[in-house]
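S.K.: Sequence:
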Amino acid sequence: MKSLSLAFGLFRMKKWYGGVLIVVLAIILVFSYSLRETQPKKQSAYDFFNNHPPKDSHTKENDSIKSPKVEVKKLALIKKPKLINVEGLNDLYAPTNISEESKALLLWPHMRLLLSRSDALPETGQGIKEAAIAWKELLAVIEEEKTTSHNIRLKEKNCPFSVSNLDKTLFSGGNILELPCGLVEDSSITVIGIPDGRYRSFEIELAGSNFSGEPQPSVILHYNVSVAGDNMTEEPFIVQNTWTNELGWGKEERCPAHVSSNNLKVDRLGLCNEQLVRSLMEENQNVSLSSGNALTNASQARSHASANFPFIEGNPFTATLWVGLEGFHMTVNGRHETSFAYREKLEPWSVSGVKVAGGLDLLSAFAKGLPVPEDHDLIVNSKLLKAPAVSRKRLLMLVGVFSTGNNFERRMALRRSWMQFQAVRSGDVAVRFFIGLNKNRQVNFELWKEAQAYGDIQFMPFVDYYSLISLKTIAICILGMMMPLSGLMKFSPA
Numbered sequence: 001m002k003s004l005s006l007a008f009g010l011f012r013m014k015k016w017y018g019g020v021l022i023v024v025l026a027i028i029l030v031f032s033y034s035l036r037e038t039q040p041k042k043q044s045a046y047d048f049f050n051n052h053p054p055k056d057s058h059t060k061e062n063d064s065i066k067s068p069k070v071e072v073k074k075l076a077l078i079k080k081p082k083l084i085n086v087e088g089l090n091d092l093y094a095p096t097n098i099s100e101e102s103k104a105l106l107l108w109p110h111m112r113l114l115l116s117r118s119d120a121l122p123e124t125g126q127g128i129k130e131a132a133i134a135w136k137e138l139l140a141v142i143e144e145e146k147t148t149s150h151n152i153r154l155k156e157k158n159c160p161f162s163v164s165n166l167d168k169t170l171f172s173g174g175n176i177l178e179l180p181c182g183l184v185e186d187s188s189i190t191v192i193g194i195p196d197g198r199y200r201s202f203e204i205e206l207a208g209s210n211f212s213g214e215p216q217p218s219v220i221l222h223y224n225v226s227v228a229g230d231n232m233t234e235e236p237f238i239v240q241n242t243w244t245n246e247l248g249w250g251k252e253e254r255c256p257a258h259v260s261s262n263n264l265k266v267d268r269l270g271l272c273n274e275q276l277v278r279s280l281m282e283e284n285q286n287v288s289l290s291s292g293n294a295l296t297n298a299s300q301a302r303s304h305a306s307a308n309f310p311f312i313e314g315n316p317f318t319a320t321l322w323v324g325l326e327g328f329h330m331t332v333n334g335r336h337e338t339s340f341a342y343r344e345k346l347e348p349w350s351v352s353g354v355k356v357a358g359g360l361d362l363l364s365a366f367a368k369g370l371p372v373p374e375d376h377d378l379i380v381n382s383k384l385l386k387a388p389a390v391s392r393k394r395l396l397m398l399v400g401v402f403s404t405g406n407n408f409e410r411r412m413a414l415r416r417s418w419m420q421f422q423a424v425r426s427g428d429v430a431v432r433f434f435i436g437l438n439k440n441r442q443v444n445f446e447l448w449k450e451a452q453a454y455g456d457i458q459f460m461p462f463v464d465y466y467s468l469i470s471l472k473t474i475a476i477c478i479l480g481m482m483m484p485l486s487g488l489m490k491f492s493p494a
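Residue numbering for the sequence shown follows full-length UniProt numbering, beginning at 1 and increasing consecutively.
Simulated from the structure, these hints should not be mistaken for lab results.
Just to be clear, a hint being listed does not mean it is correct.
To be verified - In silico BS3-like links for lysine-lysine, alpha-carbon gap of 27 Å or less:
#, residue 1, residue 2
1, Lys449, Lys136
2, Lys383, Lys393
3, Lys355, Lys251
The model shown is predicted, which means the values in this text are computed figures rather than measured ones.
Full structure from sequences and hints, please.
M.R.: The following block contains the structure:
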């Protein structure tokens with residue numbers, strides 16, 4: 001009996017302990033759950049990366065940690081472009097008597113909506129306005145050509161390879177050279193003269209083309225030379241700049257420059273001759289060495305700098321300004337002195353003349369390497385250079401070549417080289433030159449005759465500024481949609 005009662009007591013004790021254990025576990029569970037509810041809510045990935053604070057009461061009461069306020073900007077809705085009235089656009093699309101020559105104008109009706117968009121390139125308006133004037137002048141020349149004897153037109157060569165002027169009386173202002181068809185890469189202008197110390201400076205300018213009735217033409221390059229003089233008290237220097245009616249004078253570039261520009265290159269040539277820059281640095285160092293002999297040191301330093309300067313009072317010089325791919329370069333007495341990168345809308349094809357002013361006794365001036373169109377009537381086997389007709393079958397490729405109006409020689413080089421491949425001559429590959437109008441009337445007329453002779457030129461309804469080259473890319477795509485073909489290719493060596 002005792003063992004039975006003992007066992008029964010143990011059973012009751014275990015049952016009591018078990019109940020207590022269950023109650024304790026329940027209390028712990030409730031307590032932990034209440035603590036969990038007071039903890040801050042976890043941030044989502046969106047809240048974390050956007051710095052959005054949690055929105056529960058515990059975070060609001062904790063003032064020690066404050067999240068930075070982030071302003072949420074609403075995205076502005078993109079406005080749909082509108083069609084606007086562009087000055088000169090209607091003149092470009094006015095009815096004309098041109099019919100058989102219209103193959104060179106296939107793209108014009110397809111580009112009108114593109115040119116009249118409100119979101120067009122910034123220079124589109126000016127390019128169209130000037131193109132309208134150039135187009136009117138070209139139409140007038142075409143009509144004149146139809147009514148004029150061919151022999152009369154042959155009497156004068158309108159785009160010569162070289163021009164010269166040996167008249168020394170033209171040193172003070174005015175054009176010393178007329179460039180009828182502008183400049184192209186590798187063209188050069190050579191001036192031979194003697195600096196006159198009475199004026200202390202002289203300048204050489206490349207004047208741009210302008211239409212009749214327009215104000216003063218743009219200055220494609222202003223090359224101003226300041227010589228040291230007899231007493232060597234002033235530092236000689238060269239300043240290069242540009243000027244336009246719209247913007248006035250641009251940012252001038254000085255040589256030797258007080259700020260190093262060794263990293264800046266134009267056609268892999270420095271902006272300023274290294275010897276001039278080195279002379280300027282030595283001058284600054286010598287002047288700062290001794291304060292007692294400052295005047296003597298400055299005079300000696302300037303004398304040393306003037307010895308390296310290419311233009312010296314009373315000494316004759318030969319200066320050649322030549323046209324590179326990226327800019328103008330000046331060589332004096334066989335040594336490269338300065339380089340100047342082309343600026344927007346001031347390109348070599350638009351140069352119409354050379355001016356000299358100031359203290360310079362001009363001995364000679366001449367230009368060579370100028371653009372010359374070929375006489376298409378005298379070319380042997382000219383039919384082999386003419387573009388084959390585009391058949392209705394599917395083409396393998398359309399090759400669009402970017403070119404400027406006065407690059408006659410390069411286009412002829414392409415016609416005589418790879419455009420003679422069987423794929424091109426068979427008509428499987430079509431090659432077309434995309435060229436904008438020029439501000440020079442004669443260049444436009446020569447280009448028009450070239451288009452009729454070879455049938456591979458597409459005129460663009462804007463002046464051929466480099467800033468509008470993207471429109472040519474779009475024009476290639478438009479022409480590709482007009483032809484049944486498999487591929488497009490853009491090429492720009494001409």
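S.K.: Does the alpha-carbon distance linking Lys449 and Lys136 stay inside the 27 Å limit?
M.R.: 16 Å, holds
S.K.: Straight-line Cα separation of Lys383 and Lys393 no greater than 27 Å?
M.R.: Within the cut-off at roughly 22 Å; holds.
S.K.: Would you mind confirming whether the straight-line C-alpha gap from Lys355 to Lys251 stays at or under 27 Å?
M.R.: 21 Å, holds
Checked against the numbered hints listed earlier, the structure breaks none of them; every hint is satisfied.
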